[in-house]
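Participant: Residue-level listing of the chains:
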Amino acid sequence: MTTRLGRLLGLLRRAPRPLLIGALLLMPFLVVAVVPGLVAPYDPFAIEAIPLLGPSATHLLGTDEVGRDLLSRTLYAARTDIVVSVASAFLAFTVGTAFGLFAGYTGGRTDTVMMRVVDVLLSFPTIVLALFLIVILGRGQAVQILAIALVMTPSMARFSRGTGLVLRNRGNVEASRISGGSRLHILRRHILPNSLPTLFVAASVLASAAVLISASLSFLGLGAQPPYPSWGNMLRSAYGVVYQAPLYGVGPGICITIVAGGYILIGEGLRRLYGTDRRLDSSVGGM
Amino acid sequence: MESSDTRGDLSRRGFLRLSAASMGGLVLASCGVDGDTGEATTTTTTAAGGSAETTTSTTSGSGTAKTSLSVGMNSVIDGLTPFAIQGYVWSQMMGFVFYDPLIKKDISGTLQPCIATEWDTSDPTKTILKIREGVTFHDGSPLTAQDVAYSIAARADETLMASTAGRPIMTPSQWVSAVAVDEYTVEVNTTERVEFLVNPQPVLIVPNESFGRVNFANEVLGTGPFKLGRFTSGTGLEAVANPDYWDGKPPIETLSFAFFADPSTASTGLRSGQVDALYDVAPGNVDAVSDVPGKTLETAATYAYWWIIQMGKEPLDDPAVRAALRHSFDLEALNNASFRGKGTHSWNPFKLYPQNSGIDADVEYNPARTRELLEELGRTDISVPILCIAGYDDGISAAQVLQQGFQEAGITCEVEVAEAGDWLERTYTNGTWEGITFNAGNLPFPSKNFFDYLVNPSSILSAYTEGDVVPHVAELYREINATPFDAPEIDGLLAEAERTIVEDVIAYFGFGAPVSLVLPEDLSGVIANGFGDVEWHRAAFA
Amino acid sequence: MAVAAQLGQLLAVLVAVSVLTFLLLNALPGSVVDARIGPLPNFSPEQRAELTETLSRQLGLDKPLWYQYAVWVKNAATGDFGLTYQGLETGQVIADRLPATLQLSVVAIVLGVVLALAASILAYRTRWRPLRAAIQFSTTVLLVIPPFWLGLLLVIPLAALLNWLPSAGYVPAQLDPARNLRFLILPAVTLALPQMALFFRYLHAGLEDATSMAFVTAAHARGLSERAVVYGHVLPNAVLPTITVVGLVVGSMISGLVIVESVFSWPGLGLLLVDSVRVKDYNTVAAIVLLTAVTYVVVAFVVDLLYQLLDPRTRRPT
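Protein chains in written order, with this note's numbering: chain S, 766 to 1052; chain U, 8 to 549; chain V, 128 to 445.
Isolated chain S, as found in the complex (with noise of 0.2 Å):
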């Protein structure tokens, strides 16, 4: 037990400091995501006092324009926006590594062609093309998820691409071809587990921009539906009582910039880790 402990607080000691801090920072987030109740003082949707109270003492952060719990609904919103995120970030992630990899393993013409297509995706800017989609697919969560998600798996697609490209012409993956490997074989036995650790950290970066666009969404009305409360529409209201309720989106707001900054410090931390380059960041996600 002891050494099990000893060498677990050994691999802390030695894990890159963002990695620590974005865990830190996320963990509360994750925790009160899958069970909001056990922190939250109120239920988020009931009716508790009178609409718009400052922050007091039975109410830490004062009520919404309804008179409920202004707390427990941020801590009922972290569920909606950490669902819709990870959900995005994994769906991008996903279709958008395959995309890659396949790309960049198979080269040639079929790479060309892909790429176009990926670029022409890129020309639409994020939030423009999400809108575009929700207007054709209508509002909700599912939707939400699967807009932001869309937008993002080209620069996700690009980015792996990349990584496909330079794994193609590593020695053990060429040995496998020569020696008659199929390409799925190779893909997924050489390709995949060697770029796993570079794309994590594209991951973790496509997770902070899609916690950005899906509260830009929800601000903009076209997310969670109320009265589900989700960070963005939270901001959203706040801005109508800015004059009654000045302190409203505050905690809202922290919520936000925490969880996509642990985001981008958990990616930090990784690449510190695996001692991949910098070249992420800038074309990945990007509000």
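Hints are computed from structural coordinates only; laboratory data are not their basis. Among the clues, some could well be false.
What the hints assert, rightly or not - Chain S residues, not near chain V, derived (Cβ > 12 Å throughout): (1) L776; (2) I815; (3) S821; (4) L825; (5) R881; (6) R954; (7) P958; (8) P962; (9) A980; (10) R1001.
Said to hold, decoys possible - Residues on chain V that point at chain U, a partial pick, calculated with CB under 7 Å: (11) V220; (12) G296; (13) P394.
To be verified - Simulated crosslink set (SDA-like; lysine to any residue; CA at most 25 Å straight-line): (14) V:K201 - V:Q219; (15) U:K256 - U:Y191; (16) U:K133 - U:S184; (17) U:K349 - S:S821; (18) V:K407 - S:L911; (19) V:K190 - U:T166; (20) U:K302 - V:L289; (21) V:K407 - S:L902; (22) U:K320 - U:R333; (23) U:K302 - V:N290; (24) U:K320 - U:R376; (25) V:K407 - U:A397; (26) U:K256 - U:E245; (27) U:K302 - S:P1011; (28) U:K349 - S:L911; (29) V:K407 - U:E421; (30) U:K358 - U:L338; (31) V:K407 - U:P392; (32) V:K407 - V:E216; (33) V:K201 - S:V882; (34) V:K407 - U:R433.
We treat Cβ as the ideally placed atom computed from N, Cα and C, and that holds for glycine.
Please arrange chains U and V on chain S, whose structure you already have, making use of the hints.
Facilitator: Quick look at chains U and V alone, frame taken from chain S:
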């Protein structure tokens, strides 16, 4: 089906919470007209006339006094088409700035001559209009009966209206013709009686054969008191006094309107000095503008919202279920959430008016009671979704309060927010929604106009295109519609309507609260009196 | 020759972008005609169908898709994007909104670049570590603050509490330049700060890289002053890679504008896009999407050319 014509419009009048009456008031007062043109003798009209004189004396007395006024609006106008479907705000309100209607309703709901100086509706299928002489369009060309006949015919042409984002005033089956009998007489023939003179949307007068020639979306060619100065879609417009207006040049040289996406931005516009005045300030926003120096706040109208019930579908087709649900309305929380506690509630929509008979349902908030009643009815497993309109934050807040109450009573309840167009389509055109749906509006003065607004089977009482869902209500509506407003039997019909709404639970009505108008101090009272009978509003909310 | 090839590629991407926009426009639920007609409670289904058919024919919707695309592109090239649901010319509406958007974008980008230059030089030259750390930290945080939260952080003190600046609104510059500026400050700063943070990262990295380069060491060895080295040698080299980023930001400016214009009710293209999405004004949405995508592609192309022109290393041998 004779009532069908008004359906869409009444709904729009409802949800866009702007009343033609109020804006008419502003124009009246700022133009200094109407006091001598109307034969009306009601006290309110006199008040408007009196205040108009005050304006005139203020402006002429000090020579170069207030010559411009900028007004902040809570909604964005994207196009100037004088009869647009979605540009309802425009056609009902701002249209009067640039265009003249055939006849106007004054503050008491009495008809006043405008372009038509006389109208004869004694024959149900033939309306004869006498046209005012000496009126010119903004381009200087004189108005004739031919222009009026064309304006009416164009508004009845469904295809033309559809292709110009307009809205027809009657159905093809009702329409026969509009003919210029001589230079100043128009004869309108219909197959049955159609109230097209003022209701649902006024016919605004445009020149003969002007469609296709004039792009009404961003041009103005009317006979109204103001000419178009500048229009930037989505931002604002500027109106310039028409020196040749048939009723005298308006005293205000430039009248500009700034469009704000929502009420809180509008308050900011006033605070920052972007606008001099604010139109239509909801109770929740009064605090945000009440302390702006140099401005006064006047009560202008009553804003109210209510819930239309889907009586054509399960489970709300059952009056007992509808009545049971009343116990799940947390009235205090509703008032707090949508009106910052400044509203009043009644199950009787007439309660806010002095003429009401006092009938009301005495229901306390007690979801357990709803549950009990539903159990007695054997309806424990019901679902009542709520449909709201995007942008109506008071309604969205209220819906969430209701949702809480319903859920505590064991009722499944989803809140959905639809864009205005969707909402309209689902609620009125197709009737495809379930449960209850939000509707709201600025209630005008007590008049027949107000009355059919509430009693019309398609506005407050039910919302179906097909069939009379609640036959005795539809019957009542028709009877009221066929009765002149000043006939003695109208009082009895009003009382019956009140009783029907309250006892049969025809709608969940609702909260009302005063809507204010923010004005520069030097215009206080001058314009505000034109906005309605302030006194009874004060009495209602004292 | 190389430029010609690049131009060819640019054209191909532009065509692909327009095809995609057109296809997406056609994938929209409910037809353009339905949106145009709106609810007609008085119409029987047959009457409605007849009207729909008439209008479809008028709008050319009965033609094959490729033909519709050709017409759409031909019209779009002349600025004709059809009518808004209100019956206004979409091109005109967009032109009306353009000045507000351009003013905000230009001011924000200039502000972003100037602030980033100032911050990076300060961070580079200062010997006081806490200041460097503070600059580094705040620019990093700015990258993960969404614009609407940043805007609120500015609005709470400056507008809500102190009432120094209006929290939202717009006055056209030609009407009242002074008031226009007051309204401009908050949205411009909100838009500029995250851009500044992004530019800073590149400038900062560029400055660090350049320091270790031989020519800088040589300049120092020649006895040039620190100031002369920084402004004459280090900075020009650090600015070069930043140009690409500035270009990318300009090209995708609309993403920030959508949010910032909504926050501050600034009636530009961003706000128009959001409003059009809400009311499903398809023609306007498609026009703005196409416009922004084309802007992006063209700006990226120009930046690429500029970069080749400025950096001798990327110039191809002739």
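Participant: To test your reading of the hints: which numbers does this structure violate?
Facilitator: Result: hints 5, 9, 10 and 28 break, sorted rising.
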